[in-house]
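A.B. asks: So the sequences go chain by chain: A and B. Letter 145 of the first sequence, counting from 1, is numbered 231 in our numbering, and no numbers are missing. Letter 71 of the second sequence, counting from 1, is numbered 157 in our numbering, and no numbers are missing.
Rather than coming from a laboratory, the hints here were simulated on the basis of the structure. All clues stand as given, with none of them false.
Each pair may be met inside one copy or between any two copies, as identical chains are not told apart.
Derived BS3-like pairs: lysine-lysine, alpha-carbon spacing no greater than 30 angstroms straight-line:
id, residue 1, residue 2
1, Lys295, Lys258
2, Lys232, Lys88
3, Lys232, Lys399
4, Lys498, Lys258
5, Lys232, Lys210
6, Lys337, Lys232
7, Lys297, Lys258
8, Lys111, Lys192
9, Lys136, Lys147
Protein chains: 2
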Amino acid sequence: MKITIAEVGRYVGQEVTIGTWLYNKRSSGKIQFLQLRDGTGFIQGVMVKKEVPPEVWEAAKELTQESSLYVTGVVREDERAPSGYELSVTDIDVIQIAENYPITPKEHGTEFLMDHRHLWIRSKRQHALLTIRHHIIQAIHDFFNKENFVKVDPPILTPTSAEGTTSLFHTKYFDEDAYLSQSGQLYMEAAAMAFGKVYSFGPTFRAEKSKTRRHLIEFWMVEPEMAFVDHEENLQIQERFVTHIVQTVLKNCRQELAVLERDTTLLEKVEAPFPRITYDQAIQLLQDKGHDIKWGEDFGAPDETAIAEEFDKPVFITRYPTEIKAFYMKPDPDRPEVVLCADLIAPEGYGEIIGGSQRIDDPVLLEQRFEQHQLSREAYQWYLDLRQYGTVPHSGFGLGLERTVAWITGTKHVRETIPFPRLLNRLYP
Amino acid sequence: MKITIAEVGRYVGQEVTIGTWLYNKRSSGKIQFLQLRDGTGFIQGVMVKKEVPPEVWEAAKELTQESSLYVTGVVREDERAPSGYELSVTDIDVIQIAENYPITPKEHGTEFLMDHRHLWIRSKRQHALLTIRHHIIQAIHDFFNKENFVKVDPPILTPTSAEGTTSLFHTKYFDEDAYLSQSGQLYMEAAAMAFGKVYSFGPTFRAEKSKTRRHLIEFWMVEPEMAFVDHEENLQIQERFVTHIVQTVLKNCRQELAVLERDTTLLEKVEAPFPRITYDQAIQLLQDKGHDIKWGEDFGAPDETAIAEEFDKPVFITRYPTEIKAFYMKPDPDRPEVVLCADLIAPEGYGEIIGGSQRIDDPVLLEQRFEQHQLSREAYQWYLDLRQYGTVPHSGFGLGLERTVAWITGTKHVRETIPFPRLLNRLYP
Ligand SMILES: [Mg+2]
Ligand SMILES: [Mg+2]
Numbered sequence: 087m088k089i090t091i092a093e094v095g096r097y098v099g100q101e102v103t104i105g106t107w108l109y110n111k112r113s114s115g116k117i118q119f120l121q122l123r124d125g126t127g128f129i130q131g132v133m134v135k136k137e138v139p140p141e142v143w144e145a146a147k148e149l150t151q152e153s154s155l156y157v158t159g160v161v162r163e164d165e166r167a168p169s170g171y172e173l174s175v176t177d178i179d180v181i182q183i184a185e186n187y188p189i190t191p192k193e194h195g196t197e198f199l200m201d202h203r204h205l206w207i208r209s210k211r212q213h214a215l216l217t218i219r220h221h222i223i224q225a226i227h228d229f230f231n232k233e234n235f236v237k238v239d240p241p242i243l244t245p246t247s248a249e250g251t252t253s254l255f256h257t258k259y260f261d262e263d264a265y266l267s268q269s270g271q272l273y274m275e276a277a278a279m280a281f282g283k284v285y286s287f288g289p290t291f292r293a294e295k296s297k298t299r300r301h302l303i304e305f306w307m308v309e310p311e312m313a314f315v316d317h318e319e320n321l322q323i324q325e326r327f328v329t330h331i332v333q334t335v336l337k338n339c340r341q342e343l344a345v346l347e348r349d350t351t352l353l354e355k356v357e358a359p360f361p362r363i364t365y366d367q368a369i370q371l372l373q374d375k376g377h378d379i380k381w382g383e384d385f386g387a388p389d390e391t392a393i394a395e396e397f398d399k400p401v402f403i404t405r406y407p408t409e410i411k412a413f414y415m416k417p418d419p420d421r422p423e424v425v426l427c428a429d430l431i432a433p434e435g436y437g438e439i440i441g442g443s444q445r446i447d448d449p450v451l452l453e454q455r456f457e458q459h460q461l462s463r464e465a466y467q468w469y470l471d472l473r474q475y476g477t478v479p480h481s482g483f484g485l486g487l488e489r490t491v492a493w494i495t496g497t498k499h500v501r502e503t504i505p506f507p508r509l510l511n512r513l514y515p
Numbered sequence: 087m088k089i090t091i092a093e094v095g096r097y098v099g100q101e102v103t104i105g106t107w108l109y110n111k112r113s114s115g116k117i118q119f120l121q122l123r124d125g126t127g128f129i130q131g132v133m134v135k136k137e138v139p140p141e142v143w144e145a146a147k148e149l150t151q152e153s154s155l156y157v158t159g160v161v162r163e164d165e166r167a168p169s170g171y172e173l174s175v176t177d178i179d180v181i182q183i184a185e186n187y188p189i190t191p192k193e194h195g196t197e198f199l200m201d202h203r204h205l206w207i208r209s210k211r212q213h214a215l216l217t218i219r220h221h222i223i224q225a226i227h228d229f230f231n232k233e234n235f236v237k238v239d240p241p242i243l244t245p246t247s248a249e250g251t252t253s254l255f256h257t258k259y260f261d262e263d264a265y266l267s268q269s270g271q272l273y274m275e276a277a278a279m280a281f282g283k284v285y286s287f288g289p290t291f292r293a294e295k296s297k298t299r300r301h302l303i304e305f306w307m308v309e310p311e312m313a314f315v316d317h318e319e320n321l322q323i324q325e326r327f328v329t330h331i332v333q334t335v336l337k338n339c340r341q342e343l344a345v346l347e348r349d350t351t352l353l354e355k356v357e358a359p360f361p362r363i364t365y366d367q368a369i370q371l372l373q374d375k376g377h378d379i380k381w382g383e384d385f386g387a388p389d390e391t392a393i394a395e396e397f398d399k400p401v402f403i404t405r406y407p408t409e410i411k412a413f414y415m416k417p418d419p420d421r422p423e424v425v426l427c428a429d430l431i432a433p434e435g436y437g438e439i440i441g442g443s444q445r446i447d448d449p450v451l452l453e454q455r456f457e458q459h460q461l462s463r464e465a466y467q468w469y470l471d472l473r474q475y476g477t478v479p480h481s482g483f484g485l486g487l488e489r490t491v492a493w494i495t496g497t498k499h500v501r502e503t504i505p506f507p508r509l510l511n512r513l514y515p
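Let the hints inform the model, and build the full structure from the sequences given.
C.D. replies: In structure tokens form, the structure reads like this:
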């Protein structure tokens, strides 16, 4: 019976064959302990010298780290094993002896590991991280599916950008110029007018020469957009959404969180509703804490961390100054110098994971914004059309996948939260 | 109670309010029939003159196509309605009267409609098409989730391409050159060695000056890759996969298929296993049919259609000549002039929807291929590493989302199967 390590629980007491790689091994002279992985999990194979033919024993002695082999054995329950099972090995069939695998159990520098990212992802910690990333991706799709959102894929190649082209990647599109999208939001607004509630989930590109632990050049973003949804409902959906993601990971990824030694105390508390403070209150709070910041300025990472410290859940900062936010955000009718927006700040210093707002639905105000921001009416005629032909109140937000993975897994630098990171000086592998 | 059209079935006999757009209307003088849409569905609102205040009756008379309004009414079951329900309107609250909506119920040319794609997606047919696209996307995620695949996102920005850069979009990546990925497959092979069974699902770019009805410049592709899976198992997974997609659409999208007037006779028959013919047999078949084709040549669209005509299910064409297929495909050990590959051809002239193969696992043969194809060892050292450190038999395939949507929805041209198509002369909206 050819199975995977993830399936061993269904085969206790039975002989099975698994295609594997040797992760590590140790030997007592009479017993060889083979740490095996097959991508679906890790298991220990126990080979007792007197219970296998001599050539099998000798073959096992030749195995090096990352050698590939089919292993045959009987599945045993074992409470001490992290997976709960081990394998009493009866036979092995070596596919390849790996020579000089570069990533040894000893310590390596980050640049070296990143140069070997194609192999590094086999390591236990990276495997756990990217498995949790996968579960977060699935939780995102599940949430929007259950809430009857339609997935709409906005284009990556776009003729221009409403927020300037300085941090965009440029390419020739036959005879035209095109740029890689930094956000599909404007397209998603068009889609919301056609499908009501929509979401996108795809790669996004930012050609910024920044080297912080929160920035990737290429990253994945979720962008929901909803017709007939106002600022308040928008926040409620975000609360449910983030709660769903965190609770799904806590339910499905206990082993992976343990591998990462993630303290889940604060994660367990992530349940809607989330605390909210206004931008005004946040400024006051920071000033009280001695930060050098004035009303009208945006928050830096240390500011966000200082605000997050005051709460043990993600916190919404609402109603930022109109001046420092995007042109499409709807001003508060009672106080037009601030907009009906919110950023969601993760606890524990992981920073902003969501930015969202109600959008301007008034065609006259949107035209004014186009003039103020010197946006091309020609390039965005289609966007202006949305306010001419049945404008409605609508809202949306964007969640950065890698920052969310970094927070939930407790990973300092986002570069480990994506399989093949693209950084300022890294385009390989 | 504020609800959506999709939810009306739960509110029969109750008064509800729905945010909507007017799709169309007609009047008998005493009754106005308002065709309403809200993105989640379509419903008819029936307003009887003597049952509403005069100002409500007059307001309804002002409504133009794509005007936005909140409509309040009592939900009634109605067997004649496509949705099964209609609304006895008691009140309306107009948000905006739309003036001169450009897409009228009369016929428009394709270029005009594509220029107004941001509005065209509101039309019934486009709404149905893209709703089915959404259900196909969800079916794809569901399938791989149930089969315990891990979603891995390969990078879009890559330093070079193993298959040449002539049809790639180029961009400057700070001081380096980068290209938009045409396939994440090689990265997915690295991922399969770390996670066993993986899939990617993301946008792909092909800078080809082709204008056929099967080509998009930017399209979405699913690329699964599986360790310890051979050619035969690869085909079985593809059969299960495509069956799952088609049967899910037949189950969940009856209304949308009806809007599209899709004849589902052949779709109903899509159940694994699928017929298989070898490339040799396909050449013989085409020659018998009078096609001008010789062994060693690739099939064109008319050839694929002629082959598909012989079957009422998707058909696998297996074992193509090594010469005309990608460098990484594993030769048939019994007959190295052909490779262990298969293309899956959809019925009814929709062409190739899947290409897949077992991959070369022998490091020596792969090195030979690199020399024959003059590939850069330096750029692909990481890929060669995969055969040095525990190489294993492995297979994978790629499915084109838009071609699959075109087939299942019975749409001739792929340009309508993606929300915002990118074509040779189209980068707007
Ligand atoms: Mg911010
Ligand atoms: Mg082909």
